Amino acid sequence: MGPWTVLTVAGELDVVGGPDLRQYIMTATQAGSSHLVLDLTGVDFIDSFGLGVLVGALKRTRLAGGDVRLVIPEPRIRRVLEVCDLDRVFHIVETVGSATGDAPPGENP
Amino acid sequence: MTDSPFPVGHVVLEIPARTELVSLVRLVVASAAEIGPDMAIERVEDLRVAVSEATTNAIEAQVESGSQARIGIRCAVSADEVVVRIHDEGGGFDPDGLRALPDPGSPERLEYESGLGVHLMRALADETEISSTPSGTDVRLVVYSSKRSPTR
Chain C
17 MGPWTVLTVA GELDVVGGPD LRQYIMTATQ AGSSHLVLDL TGVDFIDSFG
67 LGVLVGALKR TRLAGGDVRL VIPEPRIRRV LEVCDLDRVF HIVETVGSAT
117 GDAPPGENP
Chain U
43 MTDSPFPVGH VVLEIPARTE LVSLVRLVVA SAAEIGPDMA IERVEDLRVA
93 VSEATTNAIE AQVESGSQAR IGIRCAVSAD EVVVRIHDEG GGFDPDGLRA
143 LPDPGSPERL EYESGLGVHL MRALADETEI SSTPSGTDVR LVVYSSKRSP
193 TR
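Residue numbers (this note's numbering), protein chains in the order written: chain C, 17 to 125; chain U, 43 to 194.
Derived by calculation from the structure, the hints in this document are not laboratory data.
Keep in mind it's a predicted model, so treat the numbers as computed, not measured.
Beta carbons: idealized from backbone N, C-alpha and C, even for Gly.
Hints are supplied without guarantee of correctness; some may be wrong.
[Claimed, not checked] Chain U side only, calculated, beta carbon under 8 Å to chain C, not exhaustive:
no. : residue
1   : Ser65
2   : Leu69
3   : Ser73
4   : Ile77
5   : Glu87
6   : Val91
7   : Gly139
8   : Arg141
9   : Leu143
10  : Gly159
11  : Thr170
[Unchecked claim] Listed next, the in silico EDC-like pairs over lysine to aspartate or glutamate satisfying Cα-Cα at most 20 Å (straight line):
no. : chain 1 : residue 1 : chain 2 : residue 2
12  : C       : Lys75     : C       : Asp36
13  : C       : Lys75     : U       : Glu153
14  : C       : Lys75     : U       : Glu169
15  : C       : Lys75     : C       : Asp101
16  : C       : Lys75     : U       : Glu102
17  : C       : Lys75     : C       : Asp103
18  : C       : Lys75     : C       : Glu90
19  : C       : Lys75     : C       : Glu98
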């Protein structure tokens, strides 16, 4: 697994669920994890609030020399990121294995 | 309501400005859209996100302004499109005053933790009209049943 910390996220990443995710990420980064894999396989819905939380996580981890990778197998969820060009900002993969197994951390796309 | 020549159904919701109700609005509008005979499933998804953005903005505007008015969501489903109108009595905003998104490769892009909502609405709905004054905002979203607007 290397240095990656995998956070499993489920539910709806909107104005209600987004703040919970922000807190979850904050707890992980405060505990020293700066290389995060956010497994969004169980996410049913995302809107701009959820996207904002993801961008905040990326900013926060990069400041600490880390990175965020997203696991999004569902095209419906991936499309929302694509519409905002965030597929060019985040490293997005379809399985947790491919998020933690390949390139060494610090190698941003 | 004369949005559509052959309406399949009209659904009207009035909600207090509480963020917990955004998921209910998404559910009701998406369920109403599915009544449309030719509504492609991915168009329902586009509608779900666009409506979520507009409703969240409406609620936040009213919470900010302290208005106790109820937020109105009117949905008209016809064979070829869904029209959703969202009305709030919040403080309004300038929809044309939003900054353009920086290039995804630029570090500045990470400053965009918010402000993507209107961008998403415009990208996912086939028509987006926003009329906003200091006493309220009306958003009209139209999603066609089959044609999907280009992603970029």
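Checked hints:
1. Ser65: holds (6 Å)
2. Leu69: violated (10 Å)
3. Ser73: This interface hint is violated because 14 Å lies over the 8 Å limit.
4. Ile77: Result: violated, 20 Å to nearest chain C Cβ.
5. Glu87: holds (5 Å)
6. Val91: Holds - the Cβ of Val91(U) comes within 8 Å of chain C, reaching about 5 Å at its closest.
7. Gly139: violated (17 Å)
8. Arg141: violated (14 Å)
9. Leu143: holds (7 Å)
10. Gly159: holds (4 Å)
11. Thr170: violated (13 Å)
12. Lys75(C) with Asp36(C): Roughly 18 Å between the alpha carbons, so the hint for Lys75(C) and Asp36(C) holds.
13. Lys75(C) with Glu153(U): It holds: about 8 Å lies between the C-alpha atoms, which stays within 20 Å.
14. Lys75(C) with Glu169(U): With Cα atoms ~33 Å apart, Lys75(C) and Glu169(U) exceed 20 Å; violated.
15. Lys75(C) with Asp101(C): With a Cα-Cα distance of about 16 Å, the restraint between Lys75(C) and Asp101(C) holds, given a limit of 20 Å.
16. Lys75(C) with Glu102(U): violated (25 Å)
17. Lys75(C) with Asp103(C): Given pair Lys75(C), Asp103(C) holds - Cα atoms ~15 Å apart, limit 20 Å.
18. Lys75(C) with Glu90(C): violated (24 Å)
19. Lys75(C) with Glu98(C): OK: Lys75(C) and Glu98(C) at ~19 Å, within 20 Å.
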